[in-house]
Structure formats: C-alpha cells, structure tokens
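Taken in sequence, the protein lines are chains A and B. Take the first sequence: its letters are residues 1 to 406, numbered as in this note's numbering. Take the second sequence: its letters are residues 1001 to 1235, numbered as in this note's numbering.
If you are wondering where the hints come from, they were derived from the structure by calculation, not from laboratory data. You can take every hint at face value.
Below, a sample of chain A positions facing chain B; criterion: calculated Cβ distance under 8 Å: (1) Leu91; (2) Ala124; (3) Phe265; (4) Gly271; (5) Ala320.
Simulated crosslink set (SDA-like; lysine to any residue; CA at most 20 Å straight-line): (6) A:Lys181 - B:Glu1206; (7) B:Lys1195 - A:Met179; (8) A:Lys65 - A:Ser24; (9) A:Lys178 - B:Thr1202.
The structure displayed is predicted, hence computed values, not measured ones. Idealized CB from N, CA, C, for every residue including glycine.
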Amino acid sequence: MTETLTTVEQILERKSHAVIRDSSVAPTHDMHELLFELEAKSEIIVQRVPEPYVEMTTKYGRKKKIPIEHTWHHKSCGHCGHIPGYASSILWLHRQFGLDYIDPTDQTSCTGWNYYASAASNAAGQASVMARNFAAAYETGYFPLIHCGTSYGHYKEIREQLVHHKELRDEVRRILGKMGKPLVIPEEIVHYSEWVHVMRNRIAERQTLDMSMITATVHPACHYYKIVAEDAIYDPDIYGGQRTAVVTAMLESIGVNVADYSTWFDCCGFGFRHVLVQRDFTRSFSVLRKIETMKNEVNPDLTVTHDTGCVTSLDKSQFAAKAHDRKVGIPILSDAQVAALAMGAHPFRVIQFHWHSTDWRPFLDKLGVNWQKYWDEFQGDLDQIRAGTKSGITWEDADAPVNLTA
Amino acid sequence: MPTTLENWNPGKAENRHPHVAYEEKERLFLEVKNDMRYSDFLYGCYECGICVATCPSARFYDFSPRVIAQSMAREDVERVYDIITEDIWNCAQCFSCVRCPRQNNPGGLVTILREVSLKNGLQETKDALQGYSRVIYKVMLKGNQVSPDMLQPDFFPDWGPWVTEFSANMQVWRKAIPMDSIRGVTDAAWRTDRKTLLELYTIWFESGNMEIIKELDESLYDLLTEVMQEELEEG
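So here's chain B without its partners, still in its complex pose:
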C-alpha cells in the first residue's frame, strides 16, 4: 500500500491486537512506566543498534532490544503491547544490551514487562511458561532453582548419555562429594536449615510473590500455599 497522508503514521505500530481495547493496553503500559525501576532503565535511545549487535536473542529470533527501548521511549502503546505479548520471553537476560551508550537497560525493561504480564495474567505469558511450573515449585519450596533429582533422561535427552549415567548413579554420586552441605542431598542443591526455609516462605507471602503465582497458575498457587502455610504453622 502506498504511503499517504491518511495512512502515514510515523512512529506508531499497526494495531496487531484489535480485540484488546486501547485503554487496556495503555493501562498495562502505565503499570510498566510507574515501576520504580523504569526511570533507572530508560533514558532515551540513539538508535545506534549497539544493543542489537550484542544481543544473542536478536540473532535467533525476531527480537530487538532497540525496538523495545525506542517503543517505550516514544510511549507507543500499541507497539509496547506487541512486545509484552510477543517478544519478552525471547530475551536471554544476559544484559549484554547494557553496553548502551545512553545507559539504557533493555534487559531490565524486559524484566518489568514480564512482571507486569504475570501480574495481569496475560495468556501469552501463561503459554510461554507452560512446563516451567515445576521449576517455580522447586525454587519457592526448596530455595534452589535446580536439584539433582530433576536431571532425568526424559527431560534432558539432548544432554547425551551423561544424563542416563548420572540418573542411574545419582544417589551414590551425591554421597561422593566432600562438602558437608551437599553430600547425599538429591532433592535440593544443598541442605538448607528448616528455619531458613520458613524465612523464605515468609518472604514469598509478605512481598506479594504469592499473588503473582496465583495469576500465573492457580493450581500451583494452591499447592505451594498449602505446603508453605502448613510448615509455617508448625513453626
């Protein structure tokens, strides 16, 4: 279509999500903009592309930290909605983009966008995090992201025959580690004091983390709440 004065809309994205009201997109954008970290992460954009040149996700996906910084600086509500629903989960969170000469932190902006998408229960985010719930369960209950018993051949087949060998020998290999905090532990990365875990559960409840989990996955929320509350009541 030729560009005319009627359809010329510089700096504004097409409306790729017409089923969502503009007001709703604006509400989400303002939630991002009102995060206390927003002004630390965005100062403007020179369009130099240094962030894109260093970005691993830009090499493998249709993803651009420059577009994220630009769209947010321009307050392009439609484009930011595209980003929050289509782009944010491609970011590798390596923070190579903070090489930005304008001191922007596009990776940090992605973090805020992700938080807002979770808090608002966006379906695209639920889809992106499908299959990830067991990791959240582990980290919130055990205080560790990974544990040896998660390394199963059916979950990590691409890690090669090592996973099968490890899985078959997990119990004995874990006992053959000299560190007292690790030796023999298979359901967590290390042995954590009960008091420590109760303090961690307190943090999750007091900081509003549980509300985020409720938006993401209600059954995970129910499960975590039941276990943690029971532990906290026992003291």
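So that you can see chain A by itself, here it is in the shape it has in the complex:
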C-alpha cells in the first residue's frame, strides 16, 4: 500500500474550513429558558430586546438579539475616567445614524474592577449593583448597552449565579425592595462592540477616510469572550469561526488590513489590582507578550481592542518600556474610535486623542489626516473655556463630521 504525505496546502485547506456550530449540540447550557421560567413564576422581570434588533450567531450557534437603538448606555468608569474619547465615540456613532439613546446619570459602575482587584465585596453586593442598574434602565424603557468588557463579563456571570441560586435571588430581591425596585434581568446582555459589529456595513457606507493603507492587530478582550464564552459573537467568515468576530469584522469592513500575531489569546496584563498598585506586572506582560510580539511579527500601524482595561494597559505601558530599549510604539484605539475616525469624527472634540499616551501622530500622518489643523482648532476651544467665554464642548460643536485630510 502506498502512503502519501499530507501536503502543507492540504493542511491549510483543512484549517480554512469555517466552523459552523449547531446550537442543539452546544457543549454549554443556554440559560435563557430558565430565565423565562423564572419570569413565569414572577421571580424576575425579563426586559425584552427592543425592535429593531439584529440576530447574530454566538459561539455555539445560539442567535443573540442585538438592539440597534432605544439603548441605555451603561458607561464604563475606565472609559469616562481616563479614555473619554472611547465613550464619546460610541455616542457620536449613534448620533450620526440618528438613533435613539439615553446617556443616564442614574447609573453606577458595575464595581467589577474593584471586585476583581480586591474582592472587597460579595456575591449579593455585586448582584445587587447589577440589578439596581438594570432596574434603572427598565424604568426608562430603554435597553442596557454595556460599554465595558468587564461589566459585560461580570454581569453575565452574575446572571448565571442569579438564575441558578434561589438564595441569591431572594437576597437581591430583599435588598432591591429597600429601594422599591424589582429584580430585572435583560433578555440579552449586550456589549457595545456587538452593536458596532452589527453596524459595520452602515459604518462602511458612511466612511469618508480611506484606511486601506493601515495594518492593524486586534486584541480581543478577555472579559468579552472568555467569561460565559458561549455568549460572544462568532462568524464563520472571520478567522473561520475560531475566534470572536467583533472588532476584526468591523475593521475589515472599513478596509483595514488586520494582521495576525501569535499571542492573540494572551490577556493585556491589566490585572485589575496590578494596574493600580503593582504595575511592574502589567507593564512587563503588556510589553513583552503583546506589544513586542506584535512589533516583531507584524509591525502594525495600530492595535485595536474593545475594552477599558486593554486600551489602558496596552497604551500606558509602552512609555516606561522605552527606557529598557524594548520595541514599542503602537498606538492603541478602540473599535468605536476607529469607526468614528473613518466616518470623519473630530480627532480631539470626539475621539479625544490627547488622552492617549503612545504617540498616535504617525498613525494619523499615514492616514493623511491633517491633525495639526484640528489640534489648533481644539486649542482654540480650550482657550475659550479658560477665558470663560465657552462653558465646554457640546454635541453641537462635535456632531458634524469633518474632512480630515483637507
């Protein structure tokens, strides 16, 4: 019998087969049925995804409803605290498409960052914080859209706990009763990057800035696709359905060349506690395992991610590494910021590049963006604010797209 060796081409062809999952044989249990059973028993209220929505396929084939509008923007304390252009880009995109939303002040953070950093809380406390926020959204009639990857992952894990542990539900209902709120769990827990994902073709239709000369790497956020992994969006056309499709699919839709690198599964090194009080770990991991690997293997113009901690760690860790002659210097942006830039958002009034540490100017230069012109304009805004002739920048100043290459 003659044996033939498997060729490299055959291996590559085999690996290129898209993975199409059948939800009926998913290896994990979908808790939605239990959610509706609890509602039928009047234990909880399930807030339905409002129309219009788009159904997307998740890791094991379940269809997940992603609302297009009527959304209650559950902000991220990390975005709003030190990357505000991340949050304003998300809202700017909504405004460009004329979509109905609420930017609430009846919202606390999920407090998950603190919990993952210090554990100075407990299951009932964390579940009550989530339930209070969801009840606040429910009272408005708008559906929560979660900006932070950690809030998204944390809430999905808490949802599992609430569904499976009656004693926790009872305790949370008792605490919510003190403030006259019902226990509400949304039908879907939706991350903003899933919304960006379903909007990607509409974003491409409105694109005014050519991005075809840009090579980018993607860092998928751990708390998006590792916690309750079966709820993340996958697409057989993106990485053959082997990795989450969000971020990458959007970048490809606007013509960015997405390049692969070997440590894509590694976290960013954030560590929650580490990034605040033990940053030697964060800096080392972020630079040695992510940034330097990307530099060596791809040398991208940009790295794009979709969570608070990832932007922070990857961006802020690069400065100190220069002192050790490490290969650094990749600007870091979120998918929402890149999408907004592609549609002509003002680099400083909307995207707020000046809050980012790693030099973003070479990236904008390569795009042909006349950033100095817009920086000068923004400085004029700041001068007026300092002089007291302008109270601040408003959407009226920021809504209109600009011709970035003029």
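Please arrange chain B on chain A, whose structure you already have, making use of the hints.
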C-alpha cells in the same frame, strides 16, 4: 532527603505555616467550600495544564491555576492555606483559565479565596491591599473605580509625560468632552444622581459589604460609614 515510607506523603503539601493550627486552616477551607459558587467553579482536574499555559500570572510569578484547582479538588487543607496566604493576589482575573476542558473556573476559585481571606482579616491580604484603600473609598462612595483627579504624576510616573500634561490641564480637558454626563466632572468618571448614590450605599450596608471593609481596614470603614450614614440620614 530521600523519600521513605515515613515521609512519603503523596498529594499533601508540607506544613509551611506551622504557627497556624490545622483546625483554623480547615475552617477557612470549609468556608471556601461552602460558598454557593464553589460547585459551579470546580469539577475536578485532568492536570492537563491548559489553564497554566494561558495564565499571564504563571509567566511572571510562581503561580499556577492548576495547583489551585488540584489542591482544592484534593481538599489539601495545608496547600490551600499556602494558596490563600501566598498566591491569590498574583491572579490577574482575566479568566483565560476558564478554557479548562473540565469546565473549572480557577479564577472564580481565586475570587472566593480572596473573599474568605478578607472576611477573616488575614494579614497577608491586608498587606497585599495596602495602598489600595483610596480606590475602595472612591468606588464605594462615588460608584466609579477611577476618576480623573486620581491621575497624578506621583502616582503614575511610569505613564510618562502624558500624566503631567493631563494633570496640568485636567479641569479644562474635562470641560472639552461633548457628553453631558462627563463634561466638567473631575472627582468621578461621570455625574451620578444623588438618589443613585444613596441606593448604592444601601446596597453596601444591606449586602454585608461594610463588614468586609471593617475586617480589611477599620479606619477606612469608620470613614466610609460616617459619610454614607450621614448622606442616608439626610435622604
């Protein structure tokens, strides 16, 4: 030392903390084991090492999610005590380890171990969280983990000259953000309604969170309690 029948103790760690009675270590272990989430997070261990291969902390510390899952599955009280006093604060809580083919959640086990260590006021935990109190103060009072006024050059010198530039321009940069909820706010990430904060304080008191803070740092507890109770009484 050669292994003999007398000292051969498979699966059991040496007693690295002889000053702590075995009964106390067992009490802590049982507190972890009796957490309602424990059975959701631990199903056994194949010793395959997938969790270690994906773990960022395993690359930089003497830390192993496999050892955590194994030790807990074996109910190795001595080793679990080593873990709770020496290892848990190295975990990055990224949850890469949930790639486990046995469906374990070592990161989740670490969370329970951390909670138990806090509730019992272990000194190693107090040491690990030294310097972190101001963050707890912020998140419990303001409902946000970080705020612009925390970004000071002396606290984040490794973030480069950006921090100095930001710090010098914080007030005006914060006014130059188009979102109504953020514009001009420097002591929190966004403007939060007073009613919302009072509800948050209610959660901290009702869920037992304040007792945890009391074990961790009594002066922080006194400060938080005074401020929150005063606010709640004002209504």
